[in-house]
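There are 2 protein chains.
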Amino acid sequence: MNIGIVGLGLMGGSIAQSLSKNHTIYAYDLQEDALRYAEETGIITQGFSNLSAFFQHVKVVFVCLYPRAIPSFLEEATPWIQKGTVLIEISGVKTTVQSSIQVPEEAHYDFVMTHPIAGREKIGVRYAKASIFEKANFVIVPTERNLPSSLSLVETLAQEMGFRNITKLTAKAHDDIIAYTSQLTHVLSLALVNSEPDQIDVKKFIGDSYRDLTRISMINEILWSELFLENKQALLERIDAFETYLQRYRKAIEENDIEGLKALMVDARLKRLAIEEGNQ
Amino acid sequence: MNIGIVGLGLMGGSIAQSLSKNHTIYAYDLQEDALRYAEETGIITQGFSNLSAFFQHVKVVFVCLYPRAIPSFLEEATPWIQKGTVLIEISGVKTTVQSSIQVPEEAHYDFVMTHPIAGREKIGVRYAKASIFEKANFVIVPTERNLPSSLSLVETLAQEMGFRNITKLTAKAHDDIIAYTSQLTHVLSLALVNSEPDQIDVKKFIGDSYRDLTRISMINEILWSELFLENKQALLERIDAFETYLQRYRKAIEENDIEGLKALMVDARLKRLAIEEGNQ
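Protein sequences, first through last, are from chains A and B.
For the first sequence, counting from 1, position 107 maps to 107 in the numbering used here; every step adds exactly one.
For the second sequence, counting from 1, position 194 maps to 194 in the numbering used here; every step adds exactly one.
FYI, nobody ran anything at the bench for these hints, they're computed from the structure.
C-beta: ideal position from N, C-alpha, C; glycine also.
Warning: the hint list may mix true and false statements.
Not the full set, but computed from the structure, chain A residues with beta-carbon under 10 Å of chain B [unchecked claim]: (1) Ala69; (2) Ile140; (3) Leu169; (4) Ala173; (5) His174; (6) Ile200.
Build the full structure now, drawing on both the sequences and the hints.
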């Protein structure tokens, strides 16, 4: 099958690398050097920086753009999209994408929203790595307009890429969950690093725990500031829920309530172990 | 050299495994099955559950007990400790250990406080793993009473175990730093898991970020509730400093302050990258 990638960054590049085993991959990007790099390393067959040439080759296209860039891309691309094309969007928020993208009633393409829950703390196609998808989670957010054939195509491709759990959710349910599993997680990692005490050479006193908790603070601030704001309400709620528990720890510590601390710790351990067992 | 291990759990077992390459290891523990397991797997040469027999073999001893168990152990052990023995304590807090342990003026042994900053989310000698020390950090908290020869012995053994940065700190400085790099880190991981939304099968919607941030929530609550309380003031201060930044994120998100968010993120990324570069 011919598969198109719009936006050949870390995610677009990783999808290209993963699917290039069984498919012919074409990419559209304005960065010529990203296209040439991907051609030379065999991640893609051919790269284009103009839309008309690109869309002549592909009817299945992964749109790997930041959420706020999608509407203007669609507007520009529509004239060149072939009838029956399936566009697969992959960003980390869904409610605002859904409301900002007005796919016209008479649209000759199908726009499918997905979220491959995987990534790296790196930017650009040079860090593309197909293995980030292995055993990872994948969410599809179908709309009433999506054709069953498009949804099953997306599911098949996600399986080919190595994703394990493929779940269908509404945009609202997706955003509520991701506010917790992904965005809150990033906020905590960031604030932990921000709150580093002054005048200490921290790296001499850290263990794997600190290293693991702060890895994701090496963040792409352009993407993530957008993701946080595009999912504002849900994220604020999750910050407040976290805050409640942080204050329970604070109080238990202040009051020397060792039994209270242990009870909180056991609750956390059991919840976390349930995830571990679910992944064996 | 003959080396003794008191308390053959995860840490004691890992130290034994690591040093058994070049030394003869004897262990003291009340759990017979832990001793037999360690003998059978060659981690130790011989295990004892009575102190007099144990201390006949060793004059260099790692004391791998929870902080609050150390004073009563010392009291019981003192009659059996040979003259000139070096006792090396390894717990994660220092100020309260220092104040709770009254090494008598005329003591015939040297008591050296250290903190090997390494571990696993497991309990018991069966999970011992020497490799947790490779390239890890090690802190020595010398007192005025410690002999230079004891300190340099400890340093040599830490190097043999594979530790990279070996730093000397006061008890207060150690506890202030560890409240941040280790204890706060555990509080955040725990509270994140505690705040899991109800009725969601979280494991289907997580990525590596959540997995990494929550790994250490599979905690040994008996050890860690003690560590939190033994370093209460410093930990409360670090929770409050973290809280300040969490609220900055909250405010920036609420006010759609994308530039403010980016600035916080860049600050975190640069701080975290400095650690990464320091570890290459």
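Identify whether the interface hint at A/His174 stands, where standing means a beta carbon of chain B within less than 10 Å of its own.
-> At about 8 Å, which falls below the 10 Å cut-off, the nearest Cβ of chain B leaves the hint on A/His174 intact, so it holds.
Closest C-beta approach of A/Ala69 to chain B relative to 10 Å, hint status = Violated, about 14 Å.
Given A/Ala173 as an interface hint, is the shortest Cβ-Cβ distance to chain B below 10 Å?
-> 9 Å, holds
Grab the minimum C-beta distance from A/Leu169 to chain B and call the hint holds if it beats 10 Å, violated otherwise.
-> 8 Å, holds
Interface hint compliance - A/Ile140 to chain B, C-beta minimum distance less than 10 Å | For A/Ile140, the interface hint is violated, since the closest Cβ of chain B sits about 12 Å away, which is over 10 Å.
Given hint A/Ile200 near chain B, where the shortest CB pair must fall under 10 Å | Status holds, d = 6 Å.
Consistency with the previously given hints fails for numbers 1, 2, ordered from lowest to highest.
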